[in-house]
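Protein chains: 4
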Amino acid sequence: MLSRRSKEGRPGAATPASHLVDELVVANRILFDQGVVDGFGHVSVRSDRTPQRFLLSRSMAPGLVGAGDIMEFDLEGNALDARDRAVYLERFIHSEIYKSRADVRAVVHSHSPSVIPFGVTDVPLRPLFHICGFLGAGAAIFEIRDFAGSATDMLVRDAALGAALARTLGDKPVALMRGHGSVAVGDSLRQAVFRAVYTEVNARLQADAMRLGPINFLTAEEAARAAATNDALLARPWDLWRRKAMTGSEA
Amino acid sequence: MLSRRSKEGRPGAATPASHLVDELVVANRILFDQGVVDGFGHVSVRSDRTPQRFLLSRSMAPGLVGAGDIMEFDLEGNALDARDRAVYLERFIHSEIYKSRADVRAVVHSHSPSVIPFGVTDVPLRPLFHICGFLGAGAAIFEIRDFAGSATDMLVRDAALGAALARTLGDKPVALMRGHGSVAVGDSLRQAVFRAVYTEVNARLQADAMRLGPINFLTAEEAARAAATNDALLARPWDLWRRKAMTGSEA
Amino acid sequence: MLSRRSKEGRPGAATPASHLVDELVVANRILFDQGVVDGFGHVSVRSDRTPQRFLLSRSMAPGLVGAGDIMEFDLEGNALDARDRAVYLERFIHSEIYKSRADVRAVVHSHSPSVIPFGVTDVPLRPLFHICGFLGAGAAIFEIRDFAGSATDMLVRDAALGAALARTLGDKPVALMRGHGSVAVGDSLRQAVFRAVYTEVNARLQADAMRLGPINFLTAEEAARAAATNDALLARPWDLWRRKAMTGSEA
Amino acid sequence: MLSRRSKEGRPGAATPASHLVDELVVANRILFDQGVVDGFGHVSVRSDRTPQRFLLSRSMAPGLVGAGDIMEFDLEGNALDARDRAVYLERFIHSEIYKSRADVRAVVHSHSPSVIPFGVTDVPLRPLFHICGFLGAGAAIFEIRDFAGSATDMLVRDAALGAALARTLGDKPVALMRGHGSVAVGDSLRQAVFRAVYTEVNARLQADAMRLGPINFLTAEEAARAAATNDALLARPWDLWRRKAMTGSEA
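Chains as they are written, first to last, in numbering that gives the first Met the number 0: chain B, 0 to 250; chain P, 0 to 250; chain R, 0 to 250; chain D, 0 to 250.
Careful, some of the hints might be misleading.
[As the list claims (entries may be wrong)] With the C-beta cut set under 10 Å, the calculated list includes, among others, these residues of chain R facing chain D: (1) 123; (2) 127; (3) 167; (4) 196; (5) 204; (6) 211; (7) 213; (8) 218; (9) 225; (10) 226; (11) 236.
Treat the hints as calculated values from the structure; they're not laboratory data.
Ideal Cβ positions, reconstructed from N, Cα and C, are used throughout, including at glycine.
Please work from the sequences and hints to get the whole structure.
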């Protein structure tokens, strides 16, 4: 807490509410506990003080993030108060999505394992059951080769690539990144985390169902209506995941 | 315990025995610990005071349910003493099955992951080994589109849909719900929980066996006889599951 | 401990050494912790006092077994000192194998999940890697229908069925039971537990490898030589499994 | 600690720094916690005092290894101070790779489960996502039959077989061992452990993606560039894995 308090005196720094920092810590821990991220991956939230800023951990494993690790960034991906803390190479995933999507208030980037196969094959990810209705809008595939050429380490390591990813995402909730992972967005941390967790669940179930035979997917209308219903129920899984992820933690 | 005691004075409320409340809490925790439910899903038990009532948690993740969260409902799905507690949208799954099936004393609704693929493909779920003999009676598939039309969020959110699900279930122990999940019933909490857990196990094993080749399923007679034997052994897994699920819990 | 001490005074009862009782408790806990048994399944060891007796838990989930639950049986499946303790319906699996196989000193019966599909399809279980060399001798399939007819609950519930299973097992280390589970035997508890755990591992790997393409299995000679080597290394996994299974246990 | 201190006085023994011993203990625990090794498998590190020596545990399950179990070996596979400690039969995997590969400072040998199927079928293991870019160099397959003939227990139990494995490995990061397991090497413990963990992850994802359809793998250039980037990020997963593996441990 000392580190955050020490920032409060700085001129020009619109310090985010501590509850938002705490919620972002919980989101990091949940995503690890639910198997969406491992040592890699990151989650951010738009500042509640100004839409031109967002919060993101310093470069570290999400499962170990504490309040003192949360940094504030502007929409160019610059840290406002980096001090000696390393930043994620791919912070531009977040900055460019916030820049292009005013409705988005939280972004999850992960290599969640069941989703990766859908990014490297021709099978579209589609909603198998109502909880994943948000996938009814489809999941765009980002082919970094189209923007970075062949000489790439696959990372979204600058604003131009971040902007290309944001354009691919368009107004969808999820984008798959070929040979890399995926990104899920939401109008709150809870919605983005919910979508990241259940994109992984849907991918696993869809792969399982495909080996049984042709799949009777949700229709577009079923998916849209189910998604609207689920958005009112986000607290239910969040409370469970938070309890499970934070047990034994002092954070 | 205070909350339950405070109810005892109310006129007209046939308060269920506290042991039944406690057993329902254990059932909630077991279903979460065994991976049958996650943040969603619910389990109910018919009242031991009157067959026209049943017990069900307030709207929350089953893994967090405690005795103070258990509410009593009538067979129209009305909470008798809701106070400020939210109720599950899909309580009509329970009320309508209790209404149509006098033999049923407990109902589990879940999105257990291995079962969902069998609800969205044409592969019948059939018993692969003796523990799942109860599946010899077959598992009906509930297609909500047939009853709610195309404008549905997939939820069994009123009595009419609950009644349609109950008719689809008929006298079977399990019904699959297309694009949603499944329901398992029993003549006791232990039997319904046993069936919910082992429906998930059978679905996973059947999918695994299908990729090896044609499956030698239990015959109808083998299934029926095995189910009868297993019904006398329900305490064995229940004791294990309870111990595992309640360890470290004060509930 | 009182219960065991109280038996010592009984005339005619050759009380097994307490270290063997303790090792059988550990075997029960390991098999649960390693996912070989769940609420069902059982493990026995031949008495170190007389080859005409064996030790087996009372009827309960293996994961909860303590020293006070261990009972002694003769080779007809009769409990020597049952008191009020229920016995496993399928104790004849153990008694008949001990009767027919003088070399066997321990028997595991389980429904381990990856093995069941190999018992209900035509795919022979074969050793994929050296740790499972013991499978080079092949795994017999026991079709209970051939012995009990069509009116069966699938259980080996009498001496005749136990004897049929023992004949099917022959001199092999493992037999698959169609629509039921499997049995693994060994010349010690450690060897039988090792074989039960790694039969499950081999089944999972073989199913996984089959979907890649034709499998280059161990030759009979490789399997036999590997098995001989592994038999000298049983303490290594046992020590790990025991530590993991008994942590936090007072048993 | 006493055991290590007692060695310091011995003439001719270049005692490795205690931090390297501690790091090797952590590597053992991580590999177990991450599911790369079970009761079998081992990890070594080249001495920081002399490149002609390496550190390896006595023969035991990696998940139980403590500082007092770490032994020093020369490049012929001889223990310098064995006392009464048993040595791994396959220490020649390590000694011969260190002999032939001056760049290698750590070696992991495991039977990690998703990798084994790729060693017994014709499907080449290839990098599916950027984290596994190191696999762009390909993974050699070691067929022990070509060197030991048909009379083998599959173990690399002498220097000649170790040398054959080292030749098969060549300058690659990973070799698959048919019917046995695999070996991953690195220029540090962290890199070798990273490669062992993510070889397992890639194998599982590749098998999953294959059942969806043809896979769009990383190109050689993408793989090489991604691997270079990842090599600068090894501390991130290591810190997570260490925390997770060592929690509750006094080692």
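Against the structure, the hints come out as follows:
| no. | hint | in the structure |
| --- | --- | --- |
| 1 | 123 | violated (15 Å) |
| 2 | 127 | holds (6 Å) |
| 3 | 167 | violated (28 Å) |
| 4 | 196 | holds (9 Å) |
| 5 | 204 | holds (5 Å) |
| 6 | 211 | holds (4 Å) |
| 7 | 213 | holds (7 Å) |
| 8 | 218 | holds (7 Å) |
| 9 | 225 | holds (5 Å) |
| 10 | 226 | holds (8 Å) |
| 11 | 236 | holds (3 Å) |
In summary, the numbered hints that this structure violates are 1, 3.
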